[in-house]
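Chemist: Top line first, the protein sequences correspond to chains A and B. First residue of the first sequence? That's 5 in this note's numbering, and the numbers climb one at a time after it. First residue of the second sequence? That's 64 in this note's numbering, and the numbers climb one at a time after it.
What the hints contain is simulated information worked out from the structure, not anything from laboratory work. Certain hints may be false.
[Claimed, not checked] Below, simulated BS3-like cross-link-like pairs (lysine-lysine); rule was C-alpha separation at most 30 Å, straight line: (1) B:K121 with A:K46; (2) B:K132 with A:K82; (3) A:K82 with A:K46; (4) A:K46 with B:K131; (5) B:K131 with B:K121; (6) B:K121 with B:K105; (7) A:K61 with B:K105; (8) A:K82 with A:K61; (9) A:K61 with A:K46; (10) B:K112 with B:K132; (11) A:K61 with A:K87; (12) B:K131 with A:K82; (13) B:K112 with B:K131; (14) A:K46 with B:K105; (15) A:K46 with B:K132; (16) B:K112 with A:K46; (17) A:K87 with B:K105; (18) A:K46 with A:K87; (19) B:K121 with B:K132.
[What the hints assert, rightly or not] Which chain B residues stay away from chain A? Per the calculated CB distances, all over 10 Å, these: (20) E78; (21) N104; (22) K112; (23) F130; (24) S133; (25) E134; (26) Q160; (27) G164; (28) G166; (29) T170; (30) P173.
Glycine included, C-beta positions come from ideal geometry on N, C-alpha and C.
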Amino acid sequence: EPEVTQTPSHQVTQMGQEVILRCVPISNHLYFYWYRQILGQKVEFLVSFYNNEISEKSEIFDDQFSVERPDGSNFTLKIRSTKLEDSAMYFCASSGDGDNEQFFGPGTRLTVL
Amino acid sequence: AQSVTQLDSHVSVSEGTPVLLRCNYSSSYSPSLFWYVQHPNKGLQLLLKYTSAATLVKGINGFEAEFKKSETSFHLTKPSAHMSDAAEYFCVTGYNQFYFGTGTSLTVIP
């Protein structure tokens with residue numbers, strides 16, 4: 005069964021450093037998403053991406069964040085200068101054309117020290 | 064505005080007894096509603112979804128949910144809990160941008 009994969013499973017970084025979280029969506033999907041879950045809080049939407057551009061983004065997704073689909077398979081989330089409060093589990097998701105069902109990856113736990 | 068409220072943060076049941084996880088939604092139009100499950104160190108797995116085709120939705124692993132517009136509810140049920148059902152359950156609404164509930168942790172007592 006096709007699945008969304010994410011790497012790394014756990015990333016530890018120093019405050020102020022740049023991190024790139026990687027996702028491989030399901031191969032024939034066209035819509036891509038990032039969510040995050042700070043420990044003890046709700047899963048929150050960050051951004052959606054379609055046709056090589058951002059289609060929606062939340063207030064959380066400020067200038068420190070960017071997304072990219074550098075090739076036909078990867079979808080990345082970059083945080084330019086990490087803050088302590090960026091520590092969270094980051095989930096990637098994808099969905100097919102005209103289908104509102106999102107398939108989630110296992111997440112990347114980001115720890116900012 | 065769309066949102067969901069999960070009424071219980073923790074639910075504990077004995078193995079073989081029914082499961083009820085409660086969710087209320089808020090939406091100004093006919094919502095899309097989902098239940099996802101998250102096992103430790105695993106991704107979010109879709110259990111079932113409501114998209115206005117039928118009010119009683121059957122999902123995987125014996126779970127089902129009933130959409131009740133009059134009560135703005137979408138509770139998740141299972142007739143008989145299994146040990147493997149122990150996990151975190153999320154009620155979700157939205158289209159494109161998903162809005163998650165706070166989650167209900169289900170414990171199954173042997």
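Chemist: Hint by hint, say whether it matches the structure.
Modeler: Here is what the structure says about each hint:
{"no.": "1", "hint": "B:K121 with A:K46", "result": "holds, 25 Å"}
{"no.": "2", "hint": "B:K132 with A:K82", "result": "violated, 41 Å"}
{"no.": "3", "hint": "A:K82 with A:K46", "result": "holds, 21 Å"}
{"no.": "4", "hint": "A:K46 with B:K131", "result": "holds, 24 Å"}
{"no.": "5", "hint": "B:K131 with B:K121", "result": "holds, 15 Å"}
{"no.": "6", "hint": "B:K121 with B:K105", "result": "holds, 22 Å"}
{"no.": "7", "hint": "A:K61 with B:K105", "result": "holds, 25 Å"}
{"no.": "8", "hint": "A:K82 with A:K61", "result": "holds, 14 Å"}
{"no.": "9", "hint": "A:K61 with A:K46", "result": "holds, 17 Å"}
{"no.": "10", "hint": "B:K112 with B:K132", "result": "holds, 15 Å"}
{"no.": "11", "hint": "A:K61 with A:K87", "result": "holds, 19 Å"}
{"no.": "12", "hint": "B:K131 with A:K82", "result": "violated, 41 Å"}
{"no.": "13", "hint": "B:K112 with B:K131", "result": "holds, 14 Å"}
{"no.": "14", "hint": "A:K46 with B:K105", "result": "holds, 17 Å"}
{"no.": "15", "hint": "A:K46 with B:K132", "result": "holds, 24 Å"}
{"no.": "16", "hint": "B:K112 with A:K46", "result": "holds, 20 Å"}
{"no.": "17", "hint": "A:K87 with B:K105", "result": "holds, 26 Å"}
{"no.": "18", "hint": "A:K46 with A:K87", "result": "holds, 19 Å"}
{"no.": "19", "hint": "B:K121 with B:K132", "result": "holds, 17 Å"}
{"no.": "20", "hint": "E78", "result": "holds, 27 Å"}
{"no.": "21", "hint": "N104", "result": "violated, 7 Å"}
{"no.": "22", "hint": "K112", "result": "violated, 6 Å"}
{"no.": "23", "hint": "F130", "result": "holds, 15 Å"}
{"no.": "24", "hint": "S133", "result": "holds, 24 Å"}
{"no.": "25", "hint": "E134", "result": "holds, 23 Å"}
{"no.": "26", "hint": "Q160", "result": "violated, 5 Å"}
{"no.": "27", "hint": "G164", "result": "violated, 7 Å"}
{"no.": "28", "hint": "G166", "result": "violated, 8 Å"}
{"no.": "29", "hint": "T170", "result": "holds, 18 Å"}
{"no.": "30", "hint": "P173", "result": "holds, 27 Å"}
Of the numbered hints listed earlier, those contradicted by the structure are 2, 12, 21, 22, 26, 27 and 28.
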